[in-house]
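Protein chains: 2
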Amino acid sequence: MYFPSWLSQLYRGLSRPIRRTTQPIWGSLYRSLLQSSQRRIPEFSSFVVRTNTCGELRSSHLGQEVTLCGWIQYRRQNTFLVLRDFDGLVQVIIPQDEKMPTGEIEIKVKTAELLNACKKLPFEIKNFVKKTEALRLQYRYLDLRSFQMQYNLRLRSQMVMKMREYLCNLHGFVDIETPTLFKRTPGGAKEFLVPSREPGKFYSLPQSPQQFKQLLMVGGLDRYFQVARCYRDEGSRPDRQPEFTQIDIEMSFVDQTGIQSLIEGLLQYSWPNDKDPVVVPFPTMTFAEVLATYGTDKPDTRFGMKKYLKRKDIESIRNFAADHFNQEILPVFLNANRNWNSPVANFIMESQRLELIRLMETQEEDVVLLTAGEHNKACSLLGKLRLECADLLETRGVVLRDPTLFSFLWVVDFPLFLPKEENPRELESAHHPFTAPHPSDIHLLYTEPKKARSQHYDLVLNGNEIGGGSIRIHNAELQRYILATLLKEDVKMLSHLLQALDYGAPPHGGIALGLDRLICLVTGSPSIRDVIAFPKSFRGHDLMSNTPDSVPPEELKPYHIRVSKPTDSKAERAH
Amino acid sequence: MYFPSWLSQLYRGLSRPIRRTTQPIWGSLYRSLLQSSQRRIPEFSSFVVRTNTCGELRSSHLGQEVTLCGWIQYRRQNTFLVLRDFDGLVQVIIPQDEKMPTGEIEIKVKTAELLNACKKLPFEIKNFVKKTEALRLQYRYLDLRSFQMQYNLRLRSQMVMKMREYLCNLHGFVDIETPTLFKRTPGGAKEFLVPSREPGKFYSLPQSPQQFKQLLMVGGLDRYFQVARCYRDEGSRPDRQPEFTQIDIEMSFVDQTGIQSLIEGLLQYSWPNDKDPVVVPFPTMTFAEVLATYGTDKPDTRFGMKKYLKRKDIESIRNFAADHFNQEILPVFLNANRNWNSPVANFIMESQRLELIRLMETQEEDVVLLTAGEHNKACSLLGKLRLECADLLETRGVVLRDPTLFSFLWVVDFPLFLPKEENPRELESAHHPFTAPHPSDIHLLYTEPKKARSQHYDLVLNGNEIGGGSIRIHNAELQRYILATLLKEDVKMLSHLLQALDYGAPPHGGIALGLDRLICLVTGSPSIRDVIAFPKSFRGHDLMSNTPDSVPPEELKPYHIRVSKPTDSKAERAH
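As given, the protein sequences belong to chains A and B, one line each in that order. Take 1 as the starting number for the first sequence in the numbering used here and just add one per residue. Take 1 as the starting number for the second sequence in the numbering used here and just add one per residue.
Pulled out of the complex, with its shape left as it was, chain A reads as follows:
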């Protein structure tokens, strides 16, 4: 932890910055995250009037004259102060004639200058003071003073810095900025629009630098990365942000295992030193395997989940399955004599029973939940029940999902296409149309495209998808066939990319890691809003500044747009 645990306990409403020249005798600080994770401690007092941070002083500074700048954390009469900055706290004693009753040491103040005053804070900055998230977001600049936000944002900065060192300095990647004012992509219904000064012409804020990074490969910049700002307009969704950040990577002449090794090394190198080290390589499972085993393509592999359920839990799980999925669940309780205590026992043959016991490696006292139905649907239900069981058991105090454990998993061999939701006879890309088919399945594109697997890979951490990528199609003809013939997309909007592939595009592939989600998991934060300095609310609002806001009509004019209020269309019809 970056701060002493008692720091946040000591926060007070009184908070004004002050500059002090003191003779330090006593000081206390904690900076282990920095000490252990970097080659040298950065110089926090260069270029400014202070000589030390509040948290830096030790008995080794005894006798030195120091200048400190900070906020008054606590004040008793005019004799005793606790001064605070991001780095910690220090006690300051203003000289009195009488002997100080407490402490073995004293600090002699020479001069003090009040730099600013502070109004009564809207909430006390203490961990145990419950605040609504709305209040925290409204006064974000005060919330940022909390121990947890300081820790989260500083850890994020350091982790990204180490990723850059790994990519740039160790492996020759080039950090390249790509535009965020771009053209809308086919089917890009979730893209924000930006009106231009040309009537009826719009830019679009892209969901990722996908096209640009592939074009960079064509351009011979063969190891690209970017900490890329991306945009997605999904309306109101909890724990999503309209703008988010991804570690965006692309390489030429690489295959799936190359990207996987790169990412394993990246996470190992950048992992915070106050956590257990990352063990590589990460295990890999195919999409078919994870679905059959865990009932999801992003399983939490920290736990197996086979024990501890009570009989009344089973009832609640059966109800959950019936209520949420309209699906029957049959529990099987295994006795010492391996008999089944279950309503299903009568409908199953002895040989089937033994085969199931063997397949599931069940042991005495195990509970097995059985369901029947279409494979994907049944697996998915059981996957949800597994998490439901975990929730249940954790309320009983069984630690299944150890918060200090980070369990990574690669999921590979996804299907290349899925049936379209609105018309299941047509195909859509399972991920995006630039994903290369699995080398063994290319022939299926021309016969049974639904069965073709892709060279897409997901990285899963503790049940969350934290990254995904693929080897891309580098052959223009194959790309055209998939876009035009299989997906029935209008290729005109992608003509620049198809043309680029025609001019000697190298084989290439890449990946994007969701930085906000990753840092959220690493810091154990309940929401990605806790690892972003100024997040939007789940409705996409900035509660501090009242964003988005209305705009006077004369400022819309240069962009040739008018607001059509929902009532307008009614008015129009009436008209």
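Calculated directly from the structure, the hints in this document are not laboratory data. Note that the coordinates shown come from a computational prediction; the quantities given were computed from them, not determined experimentally. Just so you know, not all the hints are guaranteed correct.
Treat identical chains as interchangeable: a pair holds within one or across any two.
Unchecked claim - The calculated lysine-lysine pairs, modelled on DSBU-like cross-linking and capped at a C-alpha distance of 35 Å, are:
| hint | residue 1 | residue 2 |
| --- | --- | --- |
| 1 | Lys451 | Lys119 |
| 2 | Lys557 | Lys201 |
| 3 | Lys201 | Lys130 |
| 4 | Lys275 | Lys162 |
| 5 | Lys565 | Lys190 |
| 6 | Lys312 | Lys298 |
| 7 | Lys492 | Lys557 |
Mind docking chain B on chain A? Use the hints.
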């Protein structure tokens, strides 16, 4: 230089990536930029099938088996190939029965795999082949293969990486991402709008993270930086981009000299090793001094400009001044006897003449250009003439502006306010309303605000403003007085910032460096478009993808906007 100079000379239309397993005997490469500037050479062949880059091989590799991936740069029959990647070129010879007639060495190919084919390129990638910029931008992915674009983008990545090391690892700055979907700022007429899904409500793409970085200081994140994407909609302007990047910095408890030392150290640390080192500290001049001396607030200080003019040049300069500024210029030629050969000689007293000679430190053969008028206007004209004279002299072969010379200058003590252009009785901020007044001039705010100087500072390099910043106002009352009383702004839109200052804002200040312009000057590029991977044209278009583009009406609906074509308003009036 990163590439051998002959690399770009050798580019050919034929260009298909190929993977080769060869027995290398001869290779050639140049990677001095990396070798000299980084602690170690990054590993360019990790995670991929190649064992070496094309430019890496030396005679020390003799006898090793290597795998190369690259583009065919040149091919003669089926006996001889030049293989290319970003790193350089290597010769490959396909074994023949007959003895090779050239070279002391040979390379034995074991296997070769053709990875992709390449259509005839729209232009040959050779330095001496003239291409219009429009063609280069249309096929940007091919233009990126050129020596110069590879050099520019790789240098940019390395320079930014070193800036990050300096700020993060050496000086404890925290890299914090701030939102780009924000609220429009008062008077922010140049801000792009982003319609939200709430009728009539818009986000705005901010011109800089100014408000956020000040709020971070209030939040105790006392050393912030960000390589920040910024947006400015200025319509069509040459050499401006609708999105651009700045190195954005803010610190608490700092003064002007602190920021200046920080930036001097930053540039010195990150300066490319193939250039002359940066000498610090940079000289400082006040705004009044630079205007009087150079006639501009961003002087090119590489040259003094006092000699070499011919009589016919003077005529052309007088015409330039008359045509462009409607202003009379009087040239004075100094003879050996210090007499003036000038029409003005008759109208000036001997004592004045001697005083002028003394003040200007003129010498024999000097030419002095005199003009009269309002101080700022006259200075500004003379400043423009100085550059005009430099242009003239350089066409004569006099090297005044050495391209290898980097001449930095701090300009300080700017005025805090300027008269508004549209109503000169009212004031507007010379820079922005958060700039702190000069400590000696605070009393002037209440008496003669026009005369108050600010704590703003600009960093000038070779006649270009490459950065600017200020110490900010941290007192809420002073900020309110300046916004409401002096600038007559609507403070409601900034209420969150004013409120934040009330909660114990520390003294703080910062700066922003224009990264695109800086890299443009460092690389000696003619345009900032040459240091951006995918720039917009001067009309704000992406010529490769045809951006901005029209959007079907149904995609505008969720945003409650309609396009009002210029003809619509006429139609409305008719209606």
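**OP:** State the violated hints by number, sorted upward, taking the hints as numbered earlier in the document.
**Re:** none
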